[in-house]
Amino acid sequence: MGKRTNLFLLLGGGLTALMVGLALLGTFWTPYSPTAMGAGEKFAPPSLAHLLGTDNFGRDVFSRVLQGMGASLLIAACVVAIGCLAGTLVGCLCGYFGGPADYLLTRLCDAVTAFPSVLLALVIVSLAGRGTAQIVVALGILFIPSFARLVRGETARHRQANYIQSARLMGVSHGRILTAHILPNLWGVLGPGVVIGFNNAVLSEASMSFLGLGVQPPFPSLGSMLSDSQTYLQRAPWYALSAGMAIALLILGFSLLAEGLQRRRRA
Amino acid sequence: MLLEVNDLTVRFPGASRPAVEGAAFSLERGEILGLVGESGSGKSVTALCLGGLLLPGAKVSGSIRLEGRELLQCTEKELRALRGRETALVFQEPMASFNPVLPVGKQVEEALRVHTRLSSRERRERALAAMSAAELPEPETLYRRYPHELSGGQLQRAMLAAAVISEPKLLLSDEITTALDATVQVQILDLLARLARERNMAVLFISHDLRLVRKLCPRALVMKDGRIVEEGPVEDLFRAPREDYTRRLIAAIPTRERR
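These protein sequence lines are chains C and G, in that order. Taking this note's numbering, the leading residue of the first sequence gets 6, the next gets one more, and so forth. Taking this note's numbering, the leading residue of the second sequence gets 132, the next gets one more, and so forth.
With the rest of the complex left out, here is chain C (with noise of 0.2 Å):
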């Protein structure tokens, strides 16, 4: 597409870039203690003091929400980091060097992977208990597969490549040729992958803890509200709309980021 403008990567960038700033903010400063009840009167409709009103409890939602992102973003980094690291660990050895045990790791990842994620998660956390760290650990289990096909497939290309063949005869080792020759070669798909790999993290992030699974009340998290904003669907429709919103909106900028990410490498 040559030097046209690449609007998703614009739009996508600006939009992850705004909602990864409020994140932070709320997680330094916030109007009103997200925790502190009767900050305002019960089911306050949005105004210049609670700019989204406030829930059953009198807590502001706009401080929930910036708060319920920060803590939504950190369990996303978390997950996609032990995905990644662990995924591209396991990609690299068995794209590279191939043979049994990379026929047995591929399937477990099959294996992985058939399960509903949502269910193996249940699965961890019912026997690990519930919490933040918990879920963290499980949805990262549940990350590795997808970054690991990834990988794989991209280290296997690349060994097959002349310039791969040309180091091995220049006598680099196995282990320099994956750090120096055929990592910085997989930065172009693991760059979109990571992206959308936090877009299924903040979204997997919400679907447990609005099973009550994730982080634990009195603390604000994105899924959690939204579970406890249906009671008042009709009393206090801003309360759902809000975490909604918040939730829709971090996942829209890291789908765009990632297409304009893909459209850029592609270009």
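Hints listed in this document are in silico derivations from the structure and should not be mistaken for laboratory results. Be aware that one or more of the hints could be misleading.
One-sided excerpt, in silico: chain C residues whose CB lies under 8 Å from chain G [unchecked claim]:
no.: 1; residue: Asn167
no.: 2; residue: Tyr168
no.: 3; residue: Arg173
Note that beta-carbon positions come from the ideal geometry of N, C-alpha and C, so glycine has one too.
Since chain C is already given, all that's left is putting chain G on it; use the hints.
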């Protein structure tokens, strides 16, 4: 004698005949030896064996002695220490021989990084020197460039610089001019001849093009179906080919240059 190959046979599993069968030849220090043959005649497999690369799955027998050392009995670790320092290999496609995401200069100096303990500054200086020796203009600029920013001819020069940077005793040149324009081919050939002369480096010049072999090599081997069918001074091969196959290879050259 720098290199002695005896009864080299390479068999890939599932293949009806060996890729290389009973190959035997030798190479003096600083000698340029031609190796001609059509595609699939076993030239490249021979080169990879001499380069000390174990071919996965292949059964290799016979003997390859480099300075009296038997390559086929070396461990992978010993071979790795040899590759890029005693031998170097340059391939046909210069574009594909470079890693697209690393600067050219870093790839030129890779053999030094692996085989020496030179500082990054010393490596850079040696790389720049090798690139100038390979007649690359403005080596300082090209050092930082990425492969897609160079032409095929420039990349092949850079590849030669990378190959000779650690002063190997044997350079394996596998169809290095095939992907290049005719005018660039001649320049690269001249460069190869000069580098070999200056460094007393032996070259196994593999090509399917008898004209190039005649221009560069005093002596040549003719390979067909994995076997070396004829060997001798290039002019004798041209004047009085003993093998029918050699005669056909010569006949394949466009007519005006046949004599």
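Restraint: C:Arg173 near chain G, CB-CB cut 8 Å. Satisfied or not?
holds (6 Å)
Grab the minimum C-beta distance from C:Tyr168 to chain G and call the hint holds if it beats 8 Å, violated otherwise.
holds (4 Å)
Do the numbers back the hint for C:Asn167, that is, is its least Cβ distance to chain G under 8 Å?
holds (4 Å)
Of the numbered hints listed earlier, not one is contradicted by the structure.
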